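Q: At the far end of the sequence shown sits residue 433, using the working numbering, and the numbering has no gaps.
Hint data in this document are derived by calculation from the structure and do not stem from the laboratory.
Heads up, a few of these hints could be off.
[Stated by the list, open to error] Using 27 Å as the maximum straight-line C-alpha spacing, the simulated DSSO-like pairs for lysine-lysine come out as follows:
| # | residue 1 | residue 2 |
| --- | --- | --- |
| 1 | LYS329 | LYS431 |
| 2 | LYS319 | LYS329 |
| 3 | LYS260 | LYS332 |
Note that this is a predicted model, so its numbers are computed, not measured.
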Amino acid sequence: MKRNVLVYGGIGGLITAVWTFIALLVLPPNCGSTLGMVLGYTSMFIANIFLIIGVKNYRDKYSGGIITFGKALKVGLLITLFASTIYVVNWLIYDYATGSKFIEVYTESMHDQLVESGASPAVIEKQDAEMQKFIVMYRNPLFKAAMTYMEILPMGILFALITAIVMRRKVPKAN
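Taking the hints into account, I'd like the entire structure generated from these sequences.
A: The structure is reproduced here in structure tokens:
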């Protein structure tokens, strides 16, 4: 199981890391949070396909064609945890190595979206104050890592659950 987790989690993690790196090089910093989120979640979706492949590979090659829901869930969760850790470490290295102003740009984008939507000055002021508090919390590396995990882990957990349901098999498939 360890090899499977490392191989398929590693592939998934590298997909998100490379995709992020390319997006950061190609896209301008102020391209808008919507495009960045779409690209980011697309890479996470593609990376999670390797979670499915990893659980299937484990069932078919290492478990004699059978796997319980619990075992499939465990393999899937370990794959997503490893891939997510690669994603988080990649982001932290990028963020600290480049002196990224990501959170400031994100805050400005949120402010601009509220202004463009015609929100009242009171709503804009309240949102700006909340974002300033968030900026302070985001400077803490542990908080930043936790927030980055929260970007990728929920999708991975959902993929692991669905995969465990679909891949479970009590008897080997007849050839």
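Q: With reference to the structure, classify each hint as holding or not holding.
A: Against the structure, the hints come out as follows:
1. LYS329 to LYS431: holds (18 Å)
2. LYS319 to LYS329: holds (14 Å)
3. LYS260 to LYS332: holds (11 Å)
The structure meets every hint from the earlier list without exception.
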